[in-house]
Amino acid sequence: MTTRFRRALDNVTRVRGVRGAMLVAGDDGLIVAESLMEGVRGNAVAALAASLHKRFRQSMDAGAAGAPHFLHLQGDGGTLIVVPAPDGILVVAVGDPNMNVGLVRLEMLRAAEGLT
Amino acid sequence: MSLVNFTTREITCKIVYYGPGRSGKTTNLQYIYGRVPDDRRGRMVSLATQTDRTLFFDFLPLELGSISGFTTRFQLYTVPGQVYYNATRKLVLQGADGVVFVADSQARQLEENVESLQNLQENLLAQGADARGMPFVLQYNKQDLPQDLVLSKEELDDALNFWGVPSFSAAALAGTGVFETLKAASELVLRKLSQEEPV
Amino acid sequence: MTQTRAVEAWTLRPLERFVAEAGARLTLLMTPAGQVLAQHGFTRAVDVMSAAALGAAIVASSGELATMLRQKQFSALNHQGVEHGIFLGAFDTPRGRLLALVVYGPDSSVGLVQLFFEEFVTELAAAAPAEERGKAVLAADFERELNESLATLFGQ
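Chains as they are written, first to last, in my numbering: chain A, 1 to 116; chain B, 1 to 199; chain C, 1 to 156.
Bound conformation, chain A alone:
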């Protein structure tokens, strides 16, 4: 993993409650870079998050709402956040249900900007 990618992910995983962060190729659903706690199924999260993002993008296109900037899925056991970055890359983070979503989002947007 390049230093640039590592730094981008480290700033996200540093936030309390984040269990892992990844850069994912949006079209392929494959992991480009990852920083994950043990027990997080990176490949599965990457593939499914990329698929979800694709579907949401299509839905928003259909509704003439433009491209999604931020996906936030809240479940009983945790949180999934996806932020699109340039060149078809997605920044994906998973964490506890009570993690600071605002702070995580900020770091993910910074990470996405840092990839330009």
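Rather than coming from a laboratory, the hints here were simulated on the basis of the structure.
There is no bait here: all hints are sound.
Partner residues are not named here, just some residues of chain C that face chain B (Cβ under 7 Å, in silico):
{"id": "1", "residue": "Ala-33"}
{"id": "2", "residue": "Gln-35"}
{"id": "3", "residue": "Met-49"}
{"id": "4", "residue": "Ala-53"}
{"id": "5", "residue": "Ala-60"}
{"id": "6", "residue": "Glu-64"}
{"id": "7", "residue": "Ala-139"}
{"id": "8", "residue": "Glu-143"}
{"id": "9", "residue": "Glu-145"}
{"id": "10", "residue": "Leu-146"}
{"id": "11", "residue": "Ser-149"}
{"id": "12", "residue": "Leu-150"}
{"id": "13", "residue": "Phe-154"}
Ranges between beta-carbon positions, derived for each pair:
{"id": "14", "chain 1": "A", "residue 1": "Thr-2", "chain 2": "B", "residue 2": "Thr-71", "range": "53 to 61 Å"}
{"id": "15", "chain 1": "C", "residue 1": "Arg-13", "chain 2": "B", "residue 2": "Thr-71", "range": "20 to 28 Å"}
{"id": "16", "chain 1": "C", "residue 1": "Glu-83", "chain 2": "A", "residue 2": "Leu-115", "range": "21 to 29 Å"}
Reference listing, derived: stretches of chain B covered by chain C, where coverage requires no fewer than 3 residues with Cβ under 8 Å from a Cβ of chain C:
{"id": "17", "stretch": "91-98"}
{"id": "18", "stretch": "181-187"}
Treat the numbers as computed from the prediction; the structure is a model and nothing was measured.
The beta carbon of each residue, even a glycine, is placed where N, CA and C say it ideally should be.
Fit chains B and C to the known structure of chain A by using the hints.
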């Protein structure tokens, strides 16, 4: 290895046309392809070089129809004959139920025929297949060339057919002997299948 | 109409599940010699055989390259096209070694296919009966029917 399904009553067998370069293996398949009705054949797949020499294999799937209540399909393959394509010959030979050896009847090609036949035996042995137990047919192609250039069927039998397998004279471009060869190979393959011991 | 069909019944349920979850357009399950055990999305049996022969050839030739490089066999190969991708996976079951050829479109991805392929392999391994061979199948007088079939094929 043939695939037999008792539930759907289907049989699929693989027959490989083997032989030296330019002996007429692809021509055999092209003739068959041209004669078989559309609904009984698939697309003929040829992986060839720019000069139409077989690079990997030719492939022709055939639907024979119902035999003993089984929908029977044959998959016909050719191998690349040129010496340096042995790795791909081995791959195509994997899982073969029967082999048709297409020899070039020209006298000056006899050595190439012998080498290719030896190469076939080596490749079958390398796969743990017993060449003698394999349904095997010889075809002496290009018998339509001037008689002073070609060896007779008897001469070729003496030189190549040491196991006494069925052998056929052929001129594949015109289709002579193509059908008889395929028929003999099909019979041997299906007979072997019918004689296998029940589990 | 897109259809899922299994020559060997034990493969049907895992195949249906895989196709639905991975969003595969076409899927073939076959032996390393290119004999088809199950299929999804193909309509004519003969086209299936051509696709299986070509898929098996890709796996076989890349396997030979792996041998030449003195490395383990490739467990999966992916060819990414503009519209469609092709995923080829090889795996062992009690029924012997099998191959899967998966064609997916823009509504899926290689990541999704890989993800559900692992489950597909596990389900197939659990469902597979031990290898079965050698039952006598054809009637002794099969030659007559064979001759008739070949005569029909060649218009004789």
